[in-house]
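Taken in order, these protein sequences are the chains called A, B and C.
Taking my numbering, the leading residue of the first sequence gets 440, the next gets one more, and so forth.
Taking my numbering, the leading residue of the second sequence gets 427, the next gets one more, and so forth.
Taking my numbering, the leading residue of the third sequence gets 132, the next gets one more, and so forth.
The hints are simulated quantities; they were obtained by calculation from the structure and are not laboratory data.
For each residue, glycine too, the CB sits at the ideal point set by N, CA and C.
A hint or two may mislead.
Counterexamples of contact, computed for chain B against chain A with all Cβ distances above 12 Å [unchecked claim]:
#1 K433
#2 G436
#3 V443
#4 S469
#5 S482
#6 V483
#7 S487
#8 L489
#9 G495
#10 A505
#11 D518
#12 T544
#13 T550
#14 L558
#15 K581
Residues from chain B that face chain A, not an exhaustive set, calculated with beta carbons under 8 Å [said to hold, decoys possible]:
#16 D442
#17 P444
#18 D445
#19 E446
#20 D467
#21 G472
#22 L509
#23 H510
#24 V514
#25 E552
#26 E559
#27 G560
Pairs of lysine to aspartate or glutamate, EDC-like flavour, derived with a Cα cap of 16 Å [said to hold, decoys possible]:
#28 A:K447 to B:E494
#29 C:K152 to B:E502
#30 C:K154 to B:E494
#31 A:K478 to C:D415
#32 A:K693 to C:D415
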Amino acid sequence: MYPTKYHKPASIAEAVAALSSGEDAMLLAGGQTLIGTMKNHLAAPSDLVDIRQIDGMSGVSSEGDTLRIGATTTHAEVATNADVKRLCPALAALASGIGDPAVRHMGTIGGAIANNDPAADYPAGLLALGATIVTNTRELAADDFFQGMFTTALEDGEIIIAVKVAAPTKAAYIKFPQPASLYAMVGVFVADGAAGTRVAVTGAGEDGVFRHTGMETALSADWASGALDAVQVGSDGLLSDLHCAADYRASLIKTIAKRAVAAA
Amino acid sequence: MTKITLKVNGKSVSGDVPDETLLSVFLRENLRLTGTHVGCDTSQCGACVVHVGGKSVKSCSTLAVSLEGAEVTTIEGLANGSLHPMQVAFNDNHGLQCGFCTPGMIMTGVDMVNRYKTEGTELTSEAIRAELEGNICRCTGYHNIVKSIEDAAAKM
Amino acid sequence: MSTGIGDAVKRKEDKRFTTGKGKYTDDVRNDNQAYAAFVRSPYAHARVMGIDGSAALAMDGVIDVLNGAQLTGDGIGNIICGWAVASKDGSPMNMGAWSALATEKVRYVGDAVAVVIAETQALARIAAEKVEVSYEQLSVAASIAAARANDAPEIHENAPGNLIYDWEIGDEAATDAGLAGAAHVTTLDVINNRLSPNPMEPRSAVATYDDSEEHYTLYTTSQNPHVARLVLSAFYNVAPEHKLRVIAPDVGGGFGAKIYIYPEEITCLWASMKTNRSVKWTSDRSEAFLTDAHGRDHVTTAKMGFDSSGKIVGFKVDTLANLGAYMSLFSSSVPTYLYAPLLSGQYNIDNIHCNVRAYYSNTVPVDAYRGAGRPEATYLVERMMETAAREMGMDPAELRRRNFILSFPHATPVLMEYDAGDFPTILKMAQSTADVAGFPARRAEAAARGKLRGIGYSTFIEACGIAPSKAVGSLGCGVGLWESAEVRVNPAGSIEILTGSHSHGQGHETTFAQIVSDRFGLPIENVSIVHGDTDKVQFGMGTYGSRSGPVGMTAVVKAMDKVEAKVKKIAAHALEASEDDIVIEGGEVKVTGTDKSMAWHEVGLAAYIAHNLPEGMEPGLKETAFFDPVNFSFPSGAFICEVEVDPDTGHTEIVQFTSADDFGTIINPMVVEGQVHGGVAQGIGQAMLEQVIYDEAGQLLTGSYMDYTMPRAADLPFYDVSHHSTPSPNNPLGIKGCGEAGAIGAPPAVINAITDAIGSNDIEMPATPQTVWRAIQANSSPLAAE
């Protein structure tokens with residue numbers, strides 16, 4: 440680890456101030472990605488701004504059919520929360536499969552989506568659910584938030600406060616893991632509800648999480664696994680690596696999407 | 427450098443540490459509690475698992491300075507006068523060979539049993555195997571680790 | 132509870148391991164400890180043009196920056212391979228120079244060129260990044276194929292074409308004739324995938340030079356501290372043996388990777404002398420992938436010929452082996468003497484010929500990893516048998532039965548003389564346990580769910596209990612492979628066994644104590660096992676090759692024989708009886724047929740008080756034995772694996788794994804089963820999950836657990852383990868050893884099952900989901916195959 444300076448602001452305003460204190464200040468929540476990157480000398484923030492324990496940033500509430508998940512709510516909390524299980528069990532299931540039990544005790548939804556790892560699970564879930572990301576300065580639709588591999592719409596000094604999810608009518612998430620890392624080699628979240636009929640794919644795209652419009656069209660007309668049989672899933676734009684070539688990935692996307700539809 | 431005060435195995439400890447100090451380093455080097463082990467550099471092997479606030483956490487992926495006021499339990503603090511049922515179960519069922527992954531396995535085992543009991547869910551052998559996703563063992567092939575945790579669950 | 136041979140005694144060592152009180156090398160920290168970090172080449176093949184450590188040296192807390200020129204200039208010797216394997220034309224193997232810190236050239240990514248010594252580990256690593264090394268890159272050969280290519284770079288000057296040796300065993304003419312006359316010939320090309328052993332404890336060394344005594348102490352993660360001391364002293368010139376103490380404390384797994392004496396401990400010892408500080412180094416996992424010796428990496432083509440009744444009439448094998456950038460300590464023997472002599476398997480084969488060509492490549496050095504040569508042989512033989520059975524339309528178990536060796540001892544045409552076995556009984560046991568008869572119904576039920584079930588066999592034998600010194604000496608091994616034991620009976624009656632074996636997970640503190648408890652009827656609490664410190668145990672060859680049972684324990688037995696003889700003399704004299712009438716049982720020394728006896732501890736005391744010993748007898752009760760085995764030992768087994776494949780994703784689940792083993796006498800069944808579990812897990816890992824992958828530039832692509840797939844609990848089944856013992860006649864306990872069987876026998880069972888499930892033989896290890904999916908695609912629509 441390179442040396443760094445630790446700050447523990449008591450409020451978002453203090454956090455914003457702390458972020459501009461150093462050359463290269465970064466937010467720290469659960470640390471389950473950032474600390475690993477620092478250990479491997481791939482990140483060397485001059486300052487760490489710990490927002491994990493700021494009041495009001497953590498916890499789940501609901502208003503009617505809409506969930507509000509605080510940005511520093513851990514994956515374990517989302518996975519076991521009664522409101523989440525009632526309004527969107529697919530999201531609870533997604534959270535219960537992130538990393539491993541110890542990682543889930545620390546990792547947070549805000550940290551995960553701010554990082555937007557192309558193989559992370561939450562981006563697929565929030566994109567398919569048409570979620571709203573609430574920051575300290577504005578609200579963003581998921582469609583606008585996720586902008587590419589490790590890239591989001593967040594501006595300097597902008598901090599995620601919460602995520603809002605309207606309960607879908609039907610939803611499911613299935614992940615086919617990369618055998619070593621256990622990240623999604625292909626992860627498909629399908630949902631149908633007020634946000635429309637959506638199919639979001641993670642782990643697979645060269646540009647990070649994406650929606651498959653061909654599958655969405657087919658499912659809008661007929662929500663059934665069989666409806667996806669005729670949909671072409673091409674290899675273009677798909678990642679190819681040691682564990683999974685693009686053509687195998689394309690085949691997995693279709694297989695997993697069909698299974699998700701059947702499970703929804 | 428930051429001065430931190432936290433509870434480790436029931437005792438209050440303080441230290442003035444560089445901000446980038448990992449909890450695993452703080453435990454092993456500052457407190458000389460070497461029972462918590464470091465087996466990888468990608469937060470995957472679980473040899474470093476301890477309990478923070480009663481929950482399993484990877485000490486290699488947590489900063490000591492972020493735990494001001496926290497309660498940490500390490501493998502050295504698990505026994506309470508007599509061995510914890512999980513420690514007994516690992517011995518009874520030959521759940522360890524070289525012992526290196528064992529502290530992390532035991533702490534993870536205790537955590538999963540506690541959680542499943544709280545939720546009222548059955549801890550089947552399949553569930554145990556899934557809950558061991560973040561703990562790697564090279565010696566045992568896991569067969570006896572699963573048996574050890576099943577055994578301890580029935581007695582905890 | 133009973134604590135003798137055959138009892139499932141719970142392990143004594145568990146107490147410290149389950150309470151966090153184990154003492155591993157990284158737990159050792161001396162006052163004023165300094166730390167080392169290595170500067171490693173980022174290139175697979177390059178000339179070292181210059182090293183500039185000034186920026187690093189200028190950092191506060193950096194003690195020194197040292198390089199290869201200084202190391203070799205101080206007389207530190209090059210790293211050796213200790214087994215001289217000659218080519219078939221008689222020429223010696225081409226051993227290239229390997230210095231602990233590279234001087235002129237680097238030959239693999241990770242090859243160390245300098246070391247930074249600093250006040251903290253974190254600082255040493257940061258400073259190491261500041262050492263500037265200029266390299267002139269050379270072209271790279273990162274695989275066997277690249278090393279053999281016409282335009283391949285020359286990795287070592289004395290190895291033209293990168294060839295290390297061209298070795299053979301067996302009668303080629305007779306084998307060719309056998310194949311020519313065969314009714315059926317099966318041809319098979321297989322790859323044995325390169326693996327990284329990955330014990331969970333990373334390697335570590337703490338080296339302390341005491342200049343007042345000119346004495347070195349080394350704590351090291353070693354499977355054989357005495358061999359380390361010998362080699363460090365006699366070959367690497369660190370210090371004479373009597374000035375070098377090597378301690379291997381608790382070691383967290385080895386699997387072969389911790390046999391060798393690596394650049395890091397050599398450098399730490401020398402650096403400790405240079406800086407006059409204790410120097411500590413601990414690998415992190417990425418560094419382990421870059422520096423721990425890898426295993427396997429063979430490419431083989433083979434032919435097996437059968438007569439019309441399915442009896443094998445000839446077996447011809449051609450293997451290319453990748454030994455990496457330098458020859459590691461045992462490397463030369465792994466694809467030769469530890470491999471080819473096992474090509475007879477469990478079968479009565481008259482004609483076998485094997486040619487092995489070993490090559491350098493710009494990759495991590497390759498050496499023994501659990502099974503060492505025997506997994507490679509077994510994988511070939513057992514895939515061959517299954518493939519041949521399918522080609523000939525025969526039941527794979529039946530083809531094996533027709534070829535089983537039935538009488539012992541059995542001399543094979545490839546050097547080995549098998550001691551004892553009962554292959555038909557073991558196969559039958561496995562088939563019954565695995566409910567082979569019920570398989571067709573299970574296959575149909577799975578098919579109804581859209582899944583493919585398959586079943587695969589592996590009936591294997593291994594040469595363990597390494598090894599008879601004269602035999603291996605005649606084959607080029609530079610050391611003898613005996614073992615030592617000292618039995619010390621203390622004055623008040625407790626016993627300490629000092630053994631040259633070294634446990635790194637095998638439970639010796641319990642199992643070795645069991646044989647003593649069994650012999651003298653003493654409580655196991657009264658017996659301690661001492662190992663791992665060259666100041667305490669005089670010499671030993673260490674633990675690997677499943678040798679601690681057959682060789683290590685036998686040495687203890689021989690020493691106990693001597694103790695027993697002296698005890699009887701002392702007791703006979705004290706009790707005024709004949710020696711022949713003395714028996715030792717239940718902790719007592721008795722005169723048969725009378726009620727005269729002495730307690731064990733009374734005999735011990737008598738020996739040390741020496742008031743009433745037989746005329747001419749020396750006081751004391753302590754005996755040593757060095758045991759040299761007369762033969763290898765030959766555990767055998769039958770594994771049956773059943774899998775279920777999801778054809779849409781290629782994902783394979785192991786639904787059942789059955790292991791029937793013959794280990795001869797079993798000391799502690801719980802410990803033995805644990806060894807089978809762990810070995811099978813590693814075998815399944817090789818078959819389905821693990822592979823070291825380099826790109827063409829020699830960059831390691833699988834450099835962490837993010838890309839190298841370690842077997843996890845959810846990947847593995849429970850294992851059904853049963854035993855049928857035919858004791859080895861070659862040692863008094865009848866032990867054959869059990870540590871490697873799982874890793875040796877499992878891979879072909881798994882691959883045979885998967886190929887059966889998908890109806891295609893086109894699978895190379897690891898059978899990842901992608902690999903299986905591709906084979907299914909190619910099989911179902913050959914025209915659409917990629």
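Against the structure, the hints come out as follows:
1. K433: holds (17 Å)
2. G436: Its Cβ never comes within 12 Å of chain A, the nearest being 21 Å, so this holds.
3. V443: B:V443 not clear of chain A: closest Cβ-Cβ about 10 Å, inside 12 Å.
4. S469: violated (5 Å)
5. S482: Incorrect as stated: the minimum Cβ-Cβ distance to chain A is 5 Å, not above 12 Å.
6. V483: violated (6 Å)
7. S487: Violated: least Cβ distance 5 Å, not greater than 12 Å.
8. L489: For B:L489, whose nearest Cβ neighbour in chain A is about 7 Å away, the distance does not exceed 12 Å, so it is violated.
9. G495: The claim is violated: B:G495 sits with its nearest Cβ about 10 Å from chain A, within 12 Å.
10. A505: Holds, because the least Cβ-Cβ distance between B:A505 and chain A comes to about 21 Å, which exceeds 12 Å.
11. D518: holds (24 Å)
12. T544: Violated, because the least Cβ-Cβ distance between B:T544 and chain A comes to about 9 Å, which does not exceed 12 Å.
13. T550: holds (16 Å)
14. L558: Per Cβ check, B:L558 is inside 12 Å of chain A; nearest 8 Å; violated.
15. K581: holds (21 Å)
16. D442: violated (13 Å)
17. P444: holds (6 Å)
18. D445: Hint holds; B:D445 Cβ to chain A Cβ min 4 Å, cut 8 Å.
19. E446: holds (4 Å)
20. D467: holds (6 Å)
21. G472: holds (7 Å)
22. L509: violated (23 Å)
23. H510: Result: violated, 18 Å to nearest chain A Cβ.
24. V514: B:V514 check fails; min Cβ-Cβ to chain A is 22 Å, beyond 8 Å.
25. E552: violated (14 Å)
26. E559: holds (4 Å)
27. G560: OK, holds: B:G560 within 8 Å of chain A, min 3 Å.
28. A:K447 to B:E494: holds (10 Å)
29. C:K152 to B:E502: holds (8 Å)
30. C:K154 to B:E494: violated (29 Å)
31. A:K478 to C:D415: Holds, at roughly 11 Å.
32. A:K693 to C:D415: Given that 16 Å is the threshold and the Cα spacing comes to 39 Å, the pair is violated.
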